[in-house]
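K.L.:
These protein sequences, in sequence, are chains Y and V.
When you read off a place in the first sequence, starting at 1, and then add 629, the result is the number in our numbering.
When you read off a place in the second sequence, starting at 1, and then add 629, the result is the number in our numbering.
Keep in mind the hints are simulated off the structure, nothing from the lab.
Don't take every hint at face value.
No copy is singled out in the list; a pair is fine if it fits within one copy or between any two copies.
Claimed, not checked - Calculated lysine-lysine pairs in the DSSO-like style (CA-CA distance at most 27 angstroms, straight line):
id : residue 1 : residue 2
1  : K938      : K725
2  : K653      : K897
3  : K822      : K925
4  : K634      : K865
5  : K725      : K653
There are 2 protein chains.
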Amino acid sequence: MVSEKMYQLGSKRSTIRELFEYGKKRAQEVGKENVYDFSIGNPTVPSPACVKESIMEILDTVDSSTIHGYTSAQGDLETRAAIATYLNNTYDLNVKADNFYMTCGAAASLCISIKALTETKEDEFVVIAPFFPEYRVFIEAQGATFKMVPADTKAFQINFEALEEAINIHTKAIIINSPNNPSGTIYSEETIKQLASLLDRKSDEYGHAIVLLSDEPYREIAYDDVVVPYVTRYYKNTIVCYSYSKSLSLPGERIGYILVPDEVENSKAVYAAVCGAGRALGYVCAPSLFQKVIAKCVGQTGDIDLYKKNRDLLYENLTAMGYECVKPQGAFYLFMKAMEEDSVAFCEKAKACDLLLVAADDFGCPGYVRISYCVEEDMIRRSFKAFEKLASIYKA
Amino acid sequence: MVSEKMYQLGSKRSTIRELFEYGKKRAQEVGKENVYDFSIGNPTVPSPACVKESIMEILDTVDSSTIHGYTSAQGDLETRAAIATYLNNTYDLNVKADNFYMTCGAAASLCISIKALTETKEDEFVVIAPFFPEYRVFIEAQGATFKMVPADTKAFQINFEALEEAINIHTKAIIINSPNNPSGTIYSEETIKQLASLLDRKSDEYGHAIVLLSDEPYREIAYDDVVVPYVTRYYKNTIVCYSYSKSLSLPGERIGYILVPDEVENSKAVYAAVCGAGRALGYVCAPSLFQKVIAKCVGQTGDIDLYKKNRDLLYENLTAMGYECVKPQGAFYLFMKAMEEDSVAFCEKAKACDLLLVAADDFGCPGYVRISYCVEEDMIRRSFKAFEKLASIYKA
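Only chain Y is shown next, with the shape it has when bound in the complex (with noise of 0.2 angstroms):
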């Protein structure tokens, strides 16, 4: 009567969000001072105070009509042309409104874009290891093909080697995702460089544009000045998939745009399918509130050294305890390497210990575990405890 693959889908709880129920109902049964969840990516720094004082602002001086009326498809013109302004001017860009789609949120923006970009089911889309679990959902949901490059586990930066390898004449796109869900790393410059000038070459090689999806809703969360490259500057047929749940705090509101900028070979048509995309999926406009509290909060974000103080905290604590960990330089995952092969058994382990934590198996990255830092300071220093029992478990 359904769809067997919707039902999939649908009755199978991603690993991450089974372990997140686990917790709430462990925290019943111990208590919730007694169970350490590192495993969702939730924020915990509150929105800017922009966030509410715009809203009041604008309830009170907006009719309501305006307010929560239809926006166009493309989105609120004064929202757009504040977004290219600010990224103008941070970044040195040449952006207009008219370069933008406003989106419900960063999963909007790539299932959009997929769609916009899928002809026929051999087209692939590269995700390179390790990557957020639900692009492989997004991809074969849009009707395209789903292929991995493994992970370079050494800088956690780009194995070269093998995206060549993986890079043929049905490659419709690469997707890449810095800073990076779940390792935490920032692809350097020289990555992005190196990036560019293979697709550039391949793009050559197979007579047709390969698209760079950058999917960046952690842009604004990096630490020790790590610069993230802008990355439409260094290759051209660069999408941008931007959300602002995590920048403003705003994961639930689904608020985030798609940049098509014109340098994009033909542009003017990849846009229109973007609109046509958004259509086909039942996205009528971005909430409209919220479209309009970006125009006025662009650019704030909310307090991201309280996320640095958890990278912090536990990097430093987890490696005296002799566990191998990625330096995290943005977003708020800490990418360590588990103590066994096999790292479902290792965070079984951990479970018995109270501590949350998600096997990157589904990221794309056996051996090593994921662990976001979005929580409670005190949370962690509580689960430290935790850490050296089962640190102790592989010491015996």
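Based on these hints, arrange chain V on the given structure of chain Y.
P.N.:
Okay, now just chain V, sitting in the frame of chain Y:
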């Protein structure tokens, strides 16, 4: 480089949008007061006071991470429970929070439901003319087959002979929309009973449940105490697609739901497929602040009497001028017979009088036009001279 279908969808504006954009341009030339734009269905009645009050209260009493954080994919339990209680009390149903899946509005509700149900491209979704033109886009984009049943132009109920002919072994679902856009009619209890009996018989004949998708964004917009039957009470395999766009005048906020009652065959599997389809289309959760607003405002509406006033004003004056109109029982559309066979040509003549009416050809009902009366009363009054002028062309 892009999907040809998505490009076509994105570059060809709908007739309605085309006319709406023309209206804005024309207003700049001849003055806003001289253009009578009846093209678009954007609610003009303000949201009820509870919307603003609820937002203020939530901002003042709930912490930022809870207001703006991810909800579960199904939606906040509190919101779903509030909707269930309201519907049980109002329509004497027996639904629970777990029967609801919160969505980003009616278009999302429909796309998700269609995607959940579609197994192969042979699966047919039957729509009854006149119908909202995006139904065709939604059905075809989810990979199913669109099938239209011609209008019952006598009473604008259902042409049952034609519907019976349209149903076959491939029929997956029938989509109905009452109060109807564009006809303004409401399916009577007799119509719903006859429909239920036909679908029961056909489900038996073909050995599978034929689903009734009831698209109900106009449910509360009904005049003269006409009853809008609650369809799940008449046909067990009914899935309700709802939106708060019209009842609370929140079309831009993208908030609605899908209701899968327990009575639906394999309801747990259907609900799971709905969750899977939401995930596959990139819907992570419905906007979180407005989920909380709905929990507080469920059952309220904007001032529907304002629409009724407009209806009476238009209906009385246009019929007096010799126009043949279907008397609207609900929604905010007046369906009028064109004064010549070619409704597109008729609308062109109307446009020459600065009267923007939508030819119903795209609604599957050539020979008719849709007049959207969610407009300022004053514009209606000013438009009468243009309607007179238009009618006079045909009296000559």
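K.L.:
For K725 and K653, with the copy left unspecified, which applies at a CA distance of at most 27 angstroms: within, between, both, or neither?
P.N.:
Intra 45 angstroms, inter 22 angstroms, cutoff 27 angstroms: inter-copy only.
K.L.:
From the Cα coordinates, with 27 angstroms as the cut-off, is the pair K653 and K897 best called within, between, both, or neither?
P.N.:
between (48 angstroms within a copy, 23 angstroms between copies)
K.L.:
If the cutoff is 27 angstroms on CA atoms, where do K634 and K865 land: within, between, both or neither? Let me know, please.
P.N.:
Between copies only: 24 angstroms across, 36 angstroms inside.
K.L.:
As a check of your reading, is K822 near K925 (CA-CA no more than 27 angstroms) within one copy, between copies, both or neither?
P.N.:
neither (34 angstroms within a copy, 52 angstroms between copies)
K.L.:
Within a copy, between copies, both or neither: where do K938 and K725 come within 27 angstroms Cα-Cα?
P.N.:
neither (37 angstroms within a copy, 43 angstroms between copies)
Consistency with the previously given hints fails for numbers 1, 3, ordered from lowest to highest.
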